[in-house]
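Peer 1: Got chain A sorted already, so can you dock chain B onto it with the hints?
Sequence order for the protein chains is A and B. So that you can map any letter, position 366 of the first sequence is 366 in this note's numbering, and since no number is skipped, the others follow by simple counting. Adding 1000 to a residue's 1-based position in the second sequence gives its number in this note's numbering.
Take the hints with a grain of salt, since some may be wrong.
[Stated by the list, open to error] With a straight-line Cα cutoff of 30 Å, these simulated DSSO-like cross-link-like pairs (lysine-lysine) come out:
#, chain 1, residue 1, chain 2, residue 2
1, A, Lys316, B, Lys1256
2, B, Lys1226, A, Lys316
3, B, Lys1214, A, Lys95
4, B, Lys1239, A, Lys316
By construction, these hints were calculated from the structure, which means they are not laboratory data. None of these values were measured; they are calculated from a predicted model.
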Amino acid sequence: MTPAASTPRLDLDAVLDARDIVVCCGSGGVGKTTTAAALALRAAERGRRVVVVTIDPARRLAQSLGLTELDNVPRRVEGAGRNGGELHAMMLDMKRTFDEIVVAHADPARAEQILTNPFYVSLSSSLAGTQEYMAMEKLGQLHASGEWDLVIVDTPPTRSALDFLDAPERLTGFLDGRFIRLMLAPAKAGGRAYMKVINVGMQTFTGVIGRITGAALLNDLREFFTAFETLFGGFRERAQQTYDLLKADSTAFVVVAAPDPAALREASYFVERLSTDDMPLAGVVVNRVHRTGAPQLTAERSVAAAEVLEQHGGAKLAAGVLRLHAERVALAARERRIVAAFSAGLPAVPIVEVEAMATDVHDIDGLRQIGLELAGRQPAA
Amino acid sequence: MTWFPGVRLHVVSGKGGTGKTTIAAALAVALAGRGGKVLLVEVEGRQGLAGQFGHPPLPYAETRLARVAGGGEVFGLTVDPELALIEYLDMFYKMGRAGRVLRRMGAIDFVTTVAPGLRDVLLTGKVKESVIRRSGERHAYDAVVLDAPPTGRIVRFLGATDEVGHMAKVGPIHRQSEAVMTLLRSSQTAIHLVTLLEEMPVQETVDGVAEIRKAGLPIGAVFVNKVREPKLGAADLQKALRGGLDLDALAGALAKVGLEATDEAVMVLGVEARQHAERVSLENAERGELEALGVPLVELPLLAETIDLGSLRVLAGLIEAQ
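Isolated chain B, as found in the complex:
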């Protein structure tokens, strides 16, 4: 597989409703297909990952979600910012009991609310830790896939360290921020955006790519999700768009297979064909905007409504093939 060689941290963002979590899960399965260990991380506490694999909600601990043919494994982790902060304070300051007192007083809640940037730094810090963690000679995980906040917030989320850097000018938090930023800006990271061929998601994707580039962060691929094949040939689509379908021929063909081709029924079918052609033409225009971005596009078809390990494997296979 030649899919982003050298990249160990895949950040997956996208507008809500585009299937960002599903794509993150499918990408993890695809990467695990190389035979390694892949960690899938979610940071918004939504417990969206577990459901994709038919697994009960995840604790704040790395949990195996699936085994993949060839010995690969996918692990999942839901990062809780409060627990991450306590873990962090414990690690550096041995604050065991005092940490618990502060928590009861609402201090932790306070800190993570008043400086949302600080919360984001804790979350990305945890992600960084899992990327660089070693297990003997090798990395504990061959790749980490982050189901990140949506496109509108992604640069802010990843760049939170800059914001915190302004507040904390020295000390370990400042150093931690710098280390996270170095990883995020490196060629070990790729930020992927998920979209649909619809106006709003494409608009957000175009804006998102520009923002990511401007922030000096490495853009990966754009996943175009839930793509439907046109049901009519190119010439018929053109005719339908101009209202020039041969309805008499259509009526004739329907009569030949024994369908009662009333004028009304034929007209309805003609309208449905025109609407389909309008849809396809709109989707092509949106696809054109995405192609102009100069970023690899990965198109994935609309599968069943509910996602399970089976459909994740199908999507993973398609990602692998592109």
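Chain A on its own, in the form it takes in the complex:
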């Protein structure tokens, strides 16, 4: 169902049938992981071999997918494929993904040196953008394995969930920075006059850091970057490959939102950001939309009737039910206005709405119902 006749409807079945990669992004708390899982299930039941990569799913949703631990290995979800399709799921372990890259691209002695360095331990789990970057790294690996018809990834629920678009640049820019060069080999930089000034600054700096933190810290830092330097080239290259992969026509981005102003503001930002980078946007999913089956009974008439019933006493149930209905009609109207304002700003962006469920989804059947709604079908009552 679409919010207005003029808004194009997002045809997710077409996306699931034809694309190799689907990236779900959106702000936290909008049902992004559930959407990713429901899309993956639907694709598997349409005959594709699918893997869904989730990040920090709700525990019961994870259990419904047979995921009990962060183990970075896709596990088959039983009873979730039809027409020859299969559904596999995994939870991303960011640090392990980073470790795997180090092990794969450095000789054993050097890898060991990097993995035990205190700076690596800190950097690999908390450098801004690392989680986003690792999600994309995993996506690249799964795609390259050739084992999957379709890879669906959930992105981290950060305010800047599209940081992964910058991540290749940021990570390589950071590792490649002038400052690191100077740290590693201050002698090479000598010669030009301005470099001398910087070198004086550098010595002051290292001297100060040494005094504040003890010299061991600086040695750890030097050792880390020297060891890490061998990985620089590989990083940049693969980051660029992943970026190109995301940009390809065989990829689709699905922006997930909820019908509240903050979530849709974030969604607008994502849509614009994706278009700036020329990324293939499929459309926007608006989750948790409220509707009523009895719109003819307006909020005003319901409240008025409830007041009359309350004055006469008795009929508490009827009064309560009418107040409930009035609240729901008002909420539905408010959400319609908010979504209409959003699509007025981005008239070419296809939208599909998914109705709010009274409770959270915890099983394959619930995901299947959401899948139907995502595909624009009426779910079974």
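Peer 2: Frame of chain A, contents of chain B only:
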């Protein structure tokens, strides 16, 4: 007010979207209601605080956001880690010009990126400084409220000093880390978590409380935000849940007040009542999980969508009353 007597540093965390910043602001207003000066600090550079008070974005300087009846005042501060580091180097090493050169070279950015723990130590260090700062005979601020990073990061953020302690084994940073940790672990600090009665936020809160306890940090209260009152009585909720509402009686009551009670309309209302009952039952189950934590719960109602000083005062009054 008997609200956490002796606590001078209130750390407010919570899952994104639960209204953590609003609760931090309301708590600051409530504490200022005692007549003292309260500093509200944000450390993620989001400029979320100023908006709550209808104030333009804050500079890196303590700025008055509101006056509260009884002479109390709320000040706000947005801590910028880069400026905090330069301030820190200046204070201890008089690095004025060299500091600026390093900044241009990206050194400061480098340091705060490569060791995020170091950045967190600078931020918590600034908070500690504002807690212990004195103005003559008394503390400069009677209480400090920190709008902290979300639940998933809070222990790491507060415990960053341990991590940095491992890297910097001696020297002023090491000493600074120790001093911050001593304050955070003391009875002068309370860490509050904000949640909603929904699955994910409650799950994170339960995990967060366990993590905070394990780290030996003092847990304060759990704020349950945006709570809605059930619209039906307990007996009707039970019936609705089992699909046993008396729809004929409902149709009769609707007809009596002149509403056309078609079978379809009555059925829709019945479905809406059942969904409401399911929601309420889920919320009660989530509330049960929170009660099992053995931490004081502070329930706050859903107010208007946009928060202003008026709604902060309403929330502050409710916090005060619990």
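Peer 1: Evaluate each hint against the coordinates.
Peer 2: Against the structure, the hints:
Of the pairs offered as hints, the one joining A:Lys316 and B:Lys1256 holds, with about 13 Å between alpha carbons and a cut-off of 30 Å not exceeded. Under the criterion of a C-alpha separation no larger than 30 Å, the hint pairing B:Lys1226 with A:Lys316 is consistent with the structure, at around 25 Å. The straight-line distance between the Cα atoms of B:Lys1214 and A:Lys95 is roughly 22 Å, inside the 30 Å bound, and the hint therefore holds. Taking the CA atoms of B:Lys1239 and A:Lys316, the gap is about 14 Å. The hint holds against a cut of 30 Å.
Of the numbered hints given earlier, the model fails none.
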